[in-house]
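Q: Residue numbers for the sequence shown follow numbering that gives the first Met the number 0, so the first one is 0 and each next one is one higher.
These aren't lab readings, by the way, just hints derived from the structure by calculation. The beta-carbon is built from N, C-alpha and C at its ideal position, and this holds for glycine as well. Where hints are given, some of them may not hold.
[What the hints assert, rightly or not] Quick list of the computed label-pair ranges, beta carbon to beta carbon: (1) 19 <-> 202: 31 to 41 Å; (2) 59 <-> 106: 27 to 37 Å; (3) 65 <-> 18: 21 to 31 Å; (4) 18 <-> 64: 25 to 35 Å.
[Unchecked claim] Dumping the calculated SDA-like pairs for lysine to any residue here, alpha-carbon to alpha-carbon at most 25 Å: (5) 17 <-> 177; (6) 13 <-> 174; (7) 17 <-> 187; (8) 197 <-> 101.
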Amino acid sequence: MPNSEVQPLRRRPKPAYKNLNGFMDPTRMRIQGQMPTVNLHGDPSGSREADFSRAKNVRDAVERRRNVEDALLLKGSFFPGLAAAKELVESPETAAGTERRIQELRVRHWDEMQTLLDWQTQDYFQEAMDRHDSNNDDQKSNSDEDVHADRHFESFYQSLHTDPAPFSCFDDVLSAHRYAHLRTINGLLNQHAAQAEKEDAARRKRDAQFPAGIEEYRAIRNKDIQIRMARFLMADSNTKDRMMSEFQWAWRQVQSLVDEFSKNVRFSRNVSEILARHQAHQPAQGLVLVEDFKREVESAIRQTEATDPRRKPSTA
0 MPNSEVQPLR RRPKPAYKNL NGFMDPTRMR IQGQMPTVNL HGDPSGSREA
50 DFSRAKNVRD AVERRRNVED ALLLKGSFFP GLAAAKELVE SPETAAGTER
100 RIQELRVRHW DEMQTLLDWQ TQDYFQEAMD RHDSNNDDQK SNSDEDVHAD
150 RHFESFYQSL HTDPAPFSCF DDVLSAHRYA HLRTINGLLN QHAAQAEKED
200 AARRKRDAQF PAGIEEYRAI RNKDIQIRMA RFLMADSNTK DRMMSEFQWA
250 WRQVQSLVDE FSKNVRFSRN VSEILARHQA HQPAQGLVLV EDFKREVESA
300 IRQTEATDPR RKPSTA
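Build the full structure now, drawing on both the sequences and the hints.
A: Take a look at the structure:
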């Protein structure tokens with residue numbers, strides 16, 4: 000049975016507001032023809048509605064100009080110089096550099112918000128002082144003409160300076176500034192995530208390859224992979240063949256480090272110590288396995304010392 004319930008009609012949002020998150024861009028909308036362009040320098044038409052609309056447009060234009068001046072004063076027009084700009088362009092973009100930039104932007108944004116709040120406090124205080132000074136407290140007249148003039152003056156002033164106007168304007172400026180900062184941070188966070196994923200993939204690929212020498216082995220950051228390499232170096236021939244088949248290592252890849260391990264006593268001791276420390280932190284395997292492993296390490300060291308070309312092998 001079909002559903003006979005009538006779905007409520009919902010008003011669809013206008014395309015002009017799509018992907019704006021509630022923040023309109025009047026300049027872009029005027030360029031696209033979605034908002035009429037107002038001539039602020041034209042003569043008043045004479046009608047009350049047109050004069051009121053023109054006065055509102057003038058106030059909005061003045062407020063926008065003040066906001067732009069505040070933004071220029073806040074952000075400044077600092078240029079680091081050609082050398083610093085060239086270094087910035089040529090330096091590789093890394094996840095660590097992007098994360099450092101994100102932290103710097105967050106600290107700077109906090110300082111800018113504090114500065115904007117201070118400026119808005121000063122503007123509101125000046126607005127209150129202007130309203131107080133506009134009242135004619137010194138000259139009092141009882142004539143109907145003066146009272147009528149004062150009433151019209153007060154009404155005109157109130158129309159230009161309503162109580163919510165400063166607060167709504169302040170909120171708009173702070174919200175727009177915050178929104179611009181979040182858009183910048185969001186782009187940098189996406190960039191940082193992509194860079195970190197790319198660097199991790201490259202690191203995993205590099206670590207999965209068998210190191211060609213001692214320096215590459217020590218440069219491995221992943222402890223599990225380093226332990227895997229150490230187990231391979233300490234293993235017997237059958238275990239080495241099995242691990243080479245499992246991890247797809249060719250003999251020409253492992254031969255260089257295996258030769259270094261058999262010749263370099265210091266390196267072989269270092270590898271055995273790494274394995275011993277790792278085995279000591281595995282309580283589930285029991286002390287018996289630890290003792291067996293120590294004996295295996297000591298046996299491997301004795302064999303390594305016997306093949307050291309700087310020492311004569313024992314004749315026993």
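Q: Indicate, hint by hint, whether the structure satisfies it.
A: Structure-based check of all given hints:
no., hint, in the structure
1, 19 <-> 202: 31 to 41 Å, "holds, 40 Å"
2, 59 <-> 106: 27 to 37 Å, "holds, 33 Å"
3, 65 <-> 18: 21 to 31 Å, "holds, 28 Å"
4, 18 <-> 64: 25 to 35 Å, "holds, 27 Å"
5, 17 <-> 177, "holds, 19 Å"
6, 13 <-> 174, "holds, 22 Å"
7, 17 <-> 187, "holds, 23 Å"
8, 197 <-> 101, "holds, 19 Å"
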